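**Q** For the record, the sequence lines run as chains A and B.
Under this note's numbering, think of the first position of the first sequence as 1, with each following residue one higher.
Under this note's numbering, think of the first position of the second sequence as 1001, with each following residue one higher.
There's no promise every hint is true.
Said to hold, decoys possible - Partial list, derived from the structure: chain B residues whose beta carbon lies under 10 Å from chain A: (1) Tyr1321; (2) Trp1327; (3) Tyr1336; (4) Gly1340; (5) Val1356; (6) Pro1363; (7) Asp1400; (8) Val1403.
To be verified - Straight-line C-alpha distance at most 27 Å; calculated DSS-like pairs for lysine-lysine: (9) B:Lys1366 / A:Lys407; (10) A:Lys360 / A:Lys390; (11) A:Lys374 / B:Lys1030; (12) B:Lys1366 / A:Lys30; (13) A:Lys305 / B:Lys1407; (14) A:Lys305 / A:Lys360; (15) B:Lys1030 / A:Lys360; (16) A:Lys370 / B:Lys1030; (17) B:Lys1366 / B:Lys1390; (18) B:Lys1374 / A:Lys407; (19) B:Lys1407 / A:Lys370; (20) A:Lys390 / A:Lys214; (21) B:Lys1407 / A:Lys360; (22) A:Lys407 / B:Lys1305; (23) B:Lys1407 / A:Lys366; (24) B:Lys1370 / A:Lys407; (25) B:Lys1075 / B:Lys1214; (26) B:Lys1030 / A:Lys366; (27) A:Lys407 / A:Lys30; (28) B:Lys1103 / A:Lys360; (29) B:Lys1374 / A:Lys30; (30) B:Lys1370 / A:Lys30; (31) A:Lys407 / B:Lys1360; (32) B:Lys1407 / A:Lys407; (33) B:Lys1407 / A:Lys374.
No lab work stands behind these hints: they were computed from the structure.
For clarity, every value in this text was computed on a predicted model and none was experimentally measured.
For each residue, glycine too, the CB sits at the ideal point set by N, CA and C.
Now for the letters of each chain:
Number of protein chains: 2
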Amino acid sequence: MSIEFTNDSPGISDVPGFRVGAAACDIRNKATDRLDLTLVVADQLCAAAGVFTTNDVKASPVRFCQQLLAVSADKIRGIVGNSGNANACTSEQGDIDAAVMAKLAAAAVGSPTDGFLVCSTGRIGELLPMAKVAEGIKVSASRLSRDAAEGVRSANAILTSDTRPKSVTARFKWQGRTVTVAGIAKGAGMIEPNMATMLAFVCTDASASPAELKAALKSSSDQSFNCVSVDGDMSTNDTVLLLASGASGVVVGAAAEPSLRQLFQEALDKVCFALAEKIVGDGEKITKVVAVEIEGARTRADAEKIARAIGNSLLVKSSWYGEDPNWGRLADAAGYARTGLDENKLDILYDDVPAVLGGKPLPENKPRWKQVVKAARFAVRLRLNLGDAKFRLLAADLTDGYVNYNKSE
Amino acid sequence: MSIEFTNDSPGISDVPGFRVGAAACDIRNKATDRLDLTLVVADQLCAAAGVFTTNDVKASPVRFCQQLLAVSADKIRGIVGNSGNANACTSEQGDIDAAVMAKLAAAAVGSPTDGFLVCSTGRIGELLPMAKVAEGIKVSASRLSRDAAEGVRSANAILTSDTRPKSVTARFKWQGRTVTVAGIAKGAGMIEPNMATMLAFVCTDASASPAELKAALKSSSDQSFNCVSVDGDMSTNDTVLLLASGASGVVVGAAAEPSLRQLFQEALDKVCFALAEKIVGDGEKITKVVAVEIEGARTRADAEKIARAIGNSLLVKSSWYGEDPNWGRLADAAGYARTGLDENKLDILYDDVPAVLGGKPLPENKPRWKQVVKAARFAVRLRLNLGDAKFRLLAADLTDGYVNYNKSE
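Next up, chain A with everything else stripped away, as it sits in the complex:
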């Protein structure tokens, strides 16, 4: 009973029971033919769950999804998503526009209920060009299919400053049937804890109740999307959605055998973690992905605080960019997380090379750390030697390119 995993898969078109379509409707008002709208449509009404930004300022589509899932999470028909405009900080008109997007999507596919989740990403504070959005929904609906090419177009349509689409598929067998879990995501800037300007749509042909899907998705998100950081900025639009068509005929909910439930959770974990990794790896103008591994903390919360202090420190991130193994900045950031660190017990390692053991620097190892930090991916490990709790954060370096890219929009 193993999981077959495909990186850079076509994405949601892999999942029986769903069709996708995408369109270029120039939401950015830049007269380009860039893909910027997508529909994900279930053949039947299906169960769904979502995990959302905890930002006080939530974009209209986030509020819309939360309300829809609160009342009819078992009657979801699909997702309508756009890039280029976040529909955030757009006041009542933004709420109206999100609701209209759902209605237009439902009408375009002839859905008897509204039942569409809405996701937007892009610039904050501007109203959506609704005539263009309406056209995009119509075109997307006319293209709905399970073709791999359309899957790839759909994965592309949600991107903003991403440089490449992000899609993965996991499959496993259960009693002769195949269960598929596939997802697409977008990331790039504002990537932080508890999500970011990130969207991820995950679909499966397994069957489960909304509450069961929610629990599974929450568990996967906490280990994946909530453990990555590009720049420490949490967005107004972060959304992860999970839709379950049930087309495989395999029920993975509470009534299922524990080994099946575990297999499904593992497949979902793999999909979410791979998408999260792709988001960090494609962070705006980054050159390094660094795993910040905190071990031996008194509590997981302490370990997380330290990991985030390190992963979000401008000085640390700059030094990663410069390939300078500056462990002093790691110790400094770990200290200002103020968890009651004991510097005399602290070990700091680059991959497996110790730079500090029990608070004592090992300068003789410097040539070896210098090698480690030249890699595009490496780990910085802090062992606090105070307890058994740990946390792992995937972080990125900070580059002059990031600053110049974000100077203006």
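Based on these hints, arrange chain B on the given structure of chain A.
**A** Same frame as chain A, now just chain B:
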């Protein structure tokens, strides 16, 4: 009864009862003649107080100062400070070296007690070159004077990546006598709340007990050094010291008239605030100083959280650098401070130009904000309209220059 304030003064040499000396002893091991050691010496044993980093990882000199002030804050002879090496994360040898610096300083000035506070700033994780430090202390002691030129040399000797010395003097008259409060500071990187790689030495010829000095210094620091942020990194070495020689014959402690006590506090506030402003204005490779003013919060703590979220947001700071009035990023950062913001009540202004009122964007004002953000100094103001509390943070932009400067040491 007004306070006479001198910007870019000679610094501590202005204060009767203190002499200063500085030396270049090549602590950086770079064979330069850069000033890197200074002594501040009181003519008599005096009272002192300090405010220190709250980082879990405290440099040896910070711990040394805290211990010294705990037992003999009324018998302080002076300060020995160095730049180029922070004596942080240096284990037991670091503690020994800090204590030896104090003893060497005391011996060099023929002090009957040790009584020297020790401050170091610079690279973390390397042992001090103690032979050079000893030589620097000897040379500094031989130069002790109240000459303005030596005052300026002393202000220069504590700098690291600062581009200019920071020193100010405040004076006021009381019953025919002049009271002086003067200070020097260094800043540049790792400048954040609750201090940073910042040192500030403030001396006065007023007289007060250590406890009275501590209260006055704490109050001033909370309104100044703790309200600035360059990069969100709090250092292991942050220290603000206040020494009172009493040479003016004016007693400003608890027994003094309220109007005198207030005058002294104001003078100290002015000195600390001016030094804090200079620190932000000379942050590493910055081009803008932005006052983040949060008003109408339920509590000061809420206002501070929002101010710091904005002042430390990479996306916000990058947009300041680009002179892009991106209020959406301000709203986003304010939201992820998670204070229970109501976006429909939120006003956002650039100086006095509203960009958002009651959650509604005012795009027609855009040409006017565009003008505001072109200035080297401006304010972003968020009125939450939820209560009466406020907080003001002085922050800086983030530049490609900062990243490149901090790529390696």
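**Q** It remains to establish, for every hint, whether it holds in the given structure.
**A** So, going through the hints one by one against the coordinates:
Below 10 Å, beta-carbon pairs count as interface contacts, and Tyr1321 of chain B has one with chain A at about 5 Å; its hint therefore holds. The beta carbon of Trp1327 of chain B comes within 6 Å of a beta carbon in chain A, closer than 10 Å, and the hint placing it at the interface holds. At a threshold of 10 Å, the smallest CB-CB gap from Tyr1336 of chain B to chain A is about 4 Å, leaving the interface hint in force. Checking Gly1340 of chain B against chain A: minimum C-beta separation of about 6 Å stays under 10 Å; hint holds.
The interface hint given for Val1356 of chain B holds, since its Cβ lies 7 Å from the closest Cβ of chain A, which is under the 10 Å cut-off. Interface hint status for Pro1363 of chain B: upheld, as the beta-carbon distance to the closest one in chain A is roughly 8 Å, under 10 Å. Of the supplied interface hints, the one on Asp1400 of chain B holds, with its beta-carbon coming within about 4 Å of a beta-carbon of chain A, less than 10 Å. The beta carbon of Val1403 of chain B comes within 5 Å of a beta carbon in chain A, closer than 10 Å, and the hint placing it at the interface holds.
Simply put, Lys1366 of chain B and Lys407 of chain A have alpha-carbon atoms about 17 Å apart, close enough for the 27 Å limit, and the pair holds. Of the supplied pair hints, the one linking Lys360 of chain A and Lys390 of chain A holds, its CA atoms being roughly 22 Å apart against a limit of 27 Å. For a cut-off of 27 Å, the pair hint linking Lys374 of chain A to Lys1030 of chain B stands: about 26 Å separates their Cα positions. A C-alpha spacing of about 20 Å is found between Lys1366 of chain B and Lys30 of chain A, which places the hinted pair at or below 27 Å, so the restraint holds.
Distance restraint check for Lys305 of chain A and Lys1407 of chain B: the Cα-Cα separation of roughly 24 Å lies within the 27 Å cut-off, and the hinted pair is therefore satisfied. For a cut-off of 27 Å, the pair hint linking Lys305 of chain A to Lys360 of chain A stands: about 23 Å separates their Cα positions. This hinted pair checks out: Lys1030 of chain B and Lys360 of chain A have alpha carbons roughly 25 Å apart, not beyond 27 Å. A C-alpha spacing of about 21 Å is found between Lys370 of chain A and Lys1030 of chain B, which places the hinted pair at or below 27 Å, so the restraint holds.
Using a Cα cut-off of 27 Å, the hinted pair Lys1366 of chain B and Lys1390 of chain B holds, with the two alpha carbons roughly 26 Å apart. Taking the CA atoms of Lys1374 of chain B and Lys407 of chain A, the gap is about 13 Å. The hint holds against a cut of 27 Å. For the given pair, Lys1407 of chain B sits about 14 Å from Lys370 of chain A by alpha-carbon distance, which is consistent with the 27 Å threshold. This hinted pair checks out: Lys390 of chain A and Lys214 of chain A have alpha carbons roughly 25 Å apart, not beyond 27 Å.
A distance of roughly 24 Å separates the Cα atoms of Lys1407 of chain B and Lys360 of chain A; the hinted pair therefore holds under the 27 Å criterion. This hinted pair checks out: Lys407 of chain A and Lys1305 of chain B have alpha carbons roughly 24 Å apart, not beyond 27 Å. Pair hint Lys1407 of chain B plus Lys366 of chain A holds up; C-alpha atoms about 17 Å apart against a cutoff of 27 Å. Between Lys1370 of chain B and Lys407 of chain A the CA atoms are separated by roughly 14 Å; this keeps the pair inside 27 Å, and the hint holds.
Between Lys1075 of chain B and Lys1214 of chain B, the direct Cα distance comes to roughly 15 Å. Compliance with the 27 Å bound is thereby established for this hinted pair. With a C-alpha separation of about 20 Å, the suggested pair Lys1030 of chain B and Lys366 of chain A falls inside the 27 Å cut-off, and the hint holds. For the given pair, Lys407 of chain A sits about 19 Å from Lys30 of chain A by alpha-carbon distance, which is consistent with the 27 Å threshold. Restraint check for Lys1103 of chain B and Lys360 of chain A: satisfied, since their Cα atoms lie roughly 25 Å apart, inside the 27 Å limit.
Annotation: proposed proximity of Lys1374 of chain B to Lys30 of chain A holds, straight-line Cα distance about 26 Å (limit 27 Å). Taken as a hint, the Lys1370 of chain B and Lys30 of chain A pair is honoured in the structure, with Cα atoms around 22 Å apart against an allowance of 27 Å. Distance hint between Lys407 of chain A and Lys1360 of chain B is fulfilled; the C-alpha atoms sit about 24 Å from each other, no more than 27 Å. At most 27 Å may separate the alpha-carbon atoms for a hinted pair to count; Lys1407 of chain B and Lys407 of chain A meet this at roughly 19 Å.
Proximity of Lys1407 of chain B to Lys374 of chain A is assessed by CA-CA distance (about 13 Å); at most 27 Å being required, the pair is judged to hold.
Hint check: no violations occur; every hint is consistent with the structure.
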